[in-house]
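Participant: Chains as they are written, first to last, in our numbering: chain B, 306 to 597; chain D, 48 to 386.
To be clear, the hints were calculated from the coordinates, so they are not data collected in a lab. Bear in mind the structure is a predicted one, so any value in this text is a computation, not a measurement. Be a bit skeptical, because a hint or two may be false.
Unchecked claim - Listed below are several chain B residues computed to face chain D (Cβ distance under 10 Å; list not exhaustive):
{"hint": "1", "residue": "364"}
{"hint": "2", "residue": "370"}
{"hint": "3", "residue": "396"}
{"hint": "4", "residue": "416"}
{"hint": "5", "residue": "422"}
{"hint": "6", "residue": "468"}
{"hint": "7", "residue": "471"}
{"hint": "8", "residue": "499"}
{"hint": "9", "residue": "578"}
Said to hold, decoys possible - No more than 20 Å apart at the CA atoms, straight line, and that leaves these computed lysine to aspartate or glutamate pairs for EDC-like:
{"hint": "10", "chain 1": "B", "residue 1": "552", "chain 2": "D", "residue 2": "348"}
{"hint": "11", "chain 1": "D", "residue 1": "228", "chain 2": "B", "residue 2": "368"}
{"hint": "12", "chain 1": "D", "residue 1": "228", "chain 2": "D", "residue 2": "243"}
{"hint": "13", "chain 1": "B", "residue 1": "362", "chain 2": "D", "residue 2": "222"}
{"hint": "14", "chain 1": "B", "residue 1": "362", "chain 2": "D", "residue 2": "221"}
Stated by the list, open to error - Calculated Cβ distances over 12 Å to all of chain D for the following chain B residues:
{"hint": "15", "residue": "373"}
{"hint": "16", "residue": "379"}
{"hint": "17", "residue": "510"}
{"hint": "18", "residue": "511"}
{"hint": "19", "residue": "530"}
{"hint": "20", "residue": "582"}
Virtual Cβ for every residue (Gly too), placed ideally from N, Cα, C.
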Amino acid sequence: MTTVTDTPARHAVRKVRLRGERSPLASAGLHLTLITASVIAVFPVLWVLLTSLKPAKYATTTDFFRETTLVNYTNLIRDTEFLNWFANSVIISALSTVIGVFVAATTGYAVSRFRFPGKRGLMWTLLITQMFPVAVLIVPIYNIMSTLGLLNQPAGLVITYLTISVPFCAWMMKGFFDTIPREIDESGEVDGLTPFGTFFRLILPLAKPGLAVTAFYSFITAWGEVAYASAFLVGDENLTLAGGLQKFVNQYGAQWGPMTAASVLIAIPAALVFLFAQKHLVTGMSAGAVKG
Amino acid sequence: MAVHTSQSVVKAAGENTARGRSRGTGTPPPTPGRLRRALSVHWYAWAMVAPVVVVIGVIIGYPLVRGIYLSLTDADERNVARSIGVNEIPATYEFIGADNYVDALTGSQFLGTLGWTLVWTVSCVSITFALGMALANILNRRIAGRSAYRMALILPWAIPGFVSVFAWRFLYNEERGLLNKILGGAGFDAVPWLNDPTWAKFAVIAVNVWLGVPFMMVALLGGLQSIPSEQYEAAEMDGATAWQRFRHITLPGLRPVSTTVILLSTIWTFNMFPVIFLLTRGGPGEATQILVTQAYKFSFEISPRDYAQSSTWGVLILVLLMVFAVVYRRVLRSQGDNW
Numbered sequence: 306m307t308t309v310t311d312t313p314a315r316h317a318v319r320k321v322r323l324r325g326e327r328s329p330l331a332s333a334g335l336h337l338t339l340i341t342a343s344v345i346a347v348f349p350v351l352w353v354l355l356t357s358l359k360p361a362k363y364a365t366t367t368d369f370f371r372e373t374t375l376v377n378y379t380n381l382i383r384d385t386e387f388l389n390w391f392a393n394s395v396i397i398s399a400l401s402t403v404i405g406v407f408v409a410a411t412t413g414y415a416v417s418r419f420r421f422p423g424k425r426g427l428m429w430t431l432l433i434t435q436m437f438p439v440a441v442l443i444v445p446i447y448n449i450m451s452t453l454g455l456l457n458q459p460a461g462l463v464i465t466y467l468t469i470s471v472p473f474c475a476w477m478m479k480g481f482f483d484t485i486p487r488e489i490d491e492s493g494e495v496d497g498l499t500p501f502g503t504f505f506r507l508i509l510p511l512a513k514p515g516l517a518v519t520a521f522y523s524f525i526t527a528w529g530e531v532a533y534a535s536a537f538l539v540g541d542e543n544l545t546l547a548g549g550l551q552k553f554v555n556q557y558g559a560q561w562g563p564m565t566a567a568s569v570l571i572a573i574p575a576a577l578v579f580l581f582a583q584k585h586l587v588t589g590m591s592a593g594a595v596k597g
Numbered sequence: 048m049a050v051h052t053s054q055s056v057v058k059a060a061g062e063n064t065a066r067g068r069s070r071g072t073g074t075p076p077p078t079p080g081r082l083r084r085a086l087s088v089h090w091y092a093w094a095m096v097a098p099v100v101v102v103i104g105v106i107i108g109y110p111l112v113r114g115i116y117l118s119l120t121d122a123d124e125r126n127v128a129r130s131i132g133v134n135e136i137p138a139t140y141e142f143i144g145a146d147n148y149v150d151a152l153t154g155s156q157f158l159g160t161l162g163w164t165l166v167w168t169v170s171c172v173s174i175t176f177a178l179g180m181a182l183a184n185i186l187n188r189r190i191a192g193r194s195a196y197r198m199a200l201i202l203p204w205a206i207p208g209f210v211s212v213f214a215w216r217f218l219y220n221e222e223r224g225l226l227n228k229i230l231g232g233a234g235f236d237a238v239p240w241l242n243d244p245t246w247a248k249f250a251v252i253a254v255n256v257w258l259g260v261p262f263m264m265v266a267l268l269g270g271l272q273s274i275p276s277e278q279y280e281a282a283e284m285d286g287a288t289a290w291q292r293f294r295h296i297t298l299p300g301l302r303p304v305s306t307t308v309i310l311l312s313t314i315w316t317f318n319m320f321p322v323i324f325l326l327t328r329g330g331p332g333e334a335t336q337i338l339v340t341q342a343y344k345f346s347f348e349i350s351p352r353d354y355a356q357s358s359t360w361g362v363l364i365l366v367l368l369m370v371f372a373v374v375y376r377r378v379l380r381s382q383g384d385n386w
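Chain D on its own, in the form it takes in the complex:
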């Protein structure tokens, strides 16, 4: 279907060709150059992707390049171009090379935040995956009220994230929150959920797990349902125990789904802005600050706003994630996954 330049009799008869003909791609010359030939074969594919390429180039590519450039300067609120009233103040920031990166990678703040971000990501993803897997396996059985349970368990996914986070802030409130009232009723002291570094870490992870389990569960449930039941029947004939069936049929059968959801949820969790930002603002102190929220803080919450530092952290986050995705893919490939 490559070349649509000549019209067959049948095609010419139909009114449907109007669109094609009006494109006016003339017959290619007898000995076209490489580019020309490529153009005549692929022009429609390129025309179809052009809008996205333009959009990505203009509103993602250009800002990305600018962001990388800013990370190599000393730009902050006071020296970027801005307009105050009618006065245009030109930018006065300067190129300073890789200093920001050196500062970030040798200072304790970036590495400290990175450490907690990793703890946060790994614990959220592993707990979410384990719970999602357990619930998916239970829901995959024949059990009374299955669809009602499923509906209830999906609910956290259906609520806009920022609403859920505020609901949790309400529950976590130290003096008036429901959780502490329940604890108080049972004779325990109030827990400073969001005001103590350790409890705050626990609290943000709990909320993120609560938010993440439904997606994990539904995705794994879909995976479970795609495993042919003959495999289980054969294993039962051979006398495999429930654990053996899980270990040797379910886990391998879920592999394509699990590898994907683990990759996705790792990236999402690593970048999970709303939970931290709305629940604790990174506090108390900087205890729950992850890389993304700290980068945001540099450019929008401190004064003067430190655009250079923020961009530097942004670029470092992106690099980390891309390295992770590439390594992850390599590992899967070396284990024989067609990825």
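Extracted from the complex, chain B is given alone in its bound form:
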């Protein structure tokens, strides 16, 4: 599209506005639209950040800055179970991600490369399980966990999150393996590698960026999961962040100070990593989804 200005058509057909050329008024309109949209996108986040830096008694004032202080953060860490929740979230999300990626890796490869009886059925299963509403599995899993004594245990939630991460990881990794040329598999075969050898020695190292993105995405999914975490975990110190944050804001009142401070501590690291990884995220997602 950068060559548009050189097209002869520009001089030939004057009435038609070409792509890449526009009146100053149109330019202003576009910028105005983008600025409005950006403000709407950023402002709620920014507002929470600013509020977290104000003493709690000014939390609901409209001043952008007022006695800027870190007292909300120190109180949050000193007086609440925030660090426990954070640790719980990290452990649960990390375990379900690592196990999910580990279990799903070879399947993504097999589905990407081989034709075998049962493949179609498996692909459908992987796709349909991603459609499962939380409502279908939550009651039976809750009852099973209750029988096994795993309610309120990180292990119970890890197992539960595998129901989400395993199909998702397999599906997404298939997309990444699809982008690795088959010639590499063939060269592995020529060198006398079995399919497993080819996979572990040649393909897996090449797919590392894809694996990282898949892992990152399933980590984020577990990190932000609300329904299972709210139902399966009780007791202040056992919660994950999603459950913990609910403690600050309920129908009886709201502690905006710790709530905003906690929000910032949860959101900023996630956002930084996300913005860093987002280019690959979209590639992976559309690779998995579009090519089916």
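Use these hints to put chain D onto chain B, whose structure you have.
Facilitator: Frame of chain B; chain D shown alone:
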């Protein structure tokens, strides 16, 4: 590459074969049975998918079957198997057939909730798609500060959803929230964002759109960039207006991406638990309750917990979504999409 049972001289020389050989698949017998032959050809593919099949079978398949069974019983908190202290109390619920389904489908609650769930899904997806499309088209132009705008616009996607929802609750707060303060400053009355059925519906849709636009925008932007610019140049030569170019090049060119993102976001929105649950808990009354949150409410918020009803709703949701996905795919196929 099907049969890795015999070793060529070249292969045997390399140390790389150790893994293959140690698998010990002997040479197949001269006239193997069908299953045996299939096994000898496909064993490695099956071995590779085995972990996922096992996991899906055990932690998804079994609960799913149990859930379907529960939906055919009168199970609730008081009659399921449970242990109180050291006492194991066995389950006493009974099989009652399709009664739960009949109740759900003939009563007004399920259909009423379904109606709002459809309104919610359709409005969220269509608004999100329209905004995402508009922003993607603007960002696809050469415009100063494009990457800065892009970064800002993606931000809502980068924040964990539950955090954003709490941020919005903060803004929506009736007496102290920023939105009402701004309105008050402009001389308007405070709006009961989350306490009035109509406003609450508006509020939850607004938040979900806010959360969903970045993904839509980025996906469509990717689609736009894959449309060859020659097509636009040719259209410009022919004197096509901007609208004609959009209508006849951009829209068809985006089709593979749009059909996918619409399907995905429809399913996600239909099941969007956190927004409703954390923003309004389905309230005021049941005004914003969607099927998923209502099913959750049956099993975890009311007393006694109604597991049977909850499972029934869960199964119905799944059936609805699968029917939708199949019909959607059919329609696309009949229009010539290779899907």
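Participant: Could you run down the list of hints and mark each one as holding or not?
Facilitator: Going down the list of hints, with the structure as the test:
{"no.": "1", "hint": "364", "verdict": "holds (8 Å)"}
{"no.": "2", "hint": "370", "verdict": "violated (15 Å)"}
{"no.": "3", "hint": "396", "verdict": "violated (17 Å)"}
{"no.": "4", "hint": "416", "verdict": "holds (7 Å)"}
{"no.": "5", "hint": "422", "verdict": "holds (6 Å)"}
{"no.": "6", "hint": "468", "verdict": "holds (5 Å)"}
{"no.": "7", "hint": "471", "verdict": "holds (5 Å)"}
{"no.": "8", "hint": "499", "verdict": "holds (3 Å)"}
{"no.": "9", "hint": "578", "verdict": "holds (8 Å)"}
{"no.": "10", "hint": "B:552 <-> D:348", "verdict": "holds (16 Å)"}
{"no.": "11", "hint": "D:228 <-> B:368", "verdict": "holds (11 Å)"}
{"no.": "12", "hint": "D:228 <-> D:243", "verdict": "holds (18 Å)"}
{"no.": "13", "hint": "B:362 <-> D:222", "verdict": "holds (15 Å)"}
{"no.": "14", "hint": "B:362 <-> D:221", "verdict": "holds (17 Å)"}
{"no.": "15", "hint": "373", "verdict": "holds (18 Å)"}
{"no.": "16", "hint": "379", "verdict": "holds (20 Å)"}
{"no.": "17", "hint": "510", "verdict": "holds (14 Å)"}
{"no.": "18", "hint": "511", "verdict": "holds (16 Å)"}
{"no.": "19", "hint": "530", "verdict": "violated (8 Å)"}
{"no.": "20", "hint": "582", "verdict": "violated (10 Å)"}
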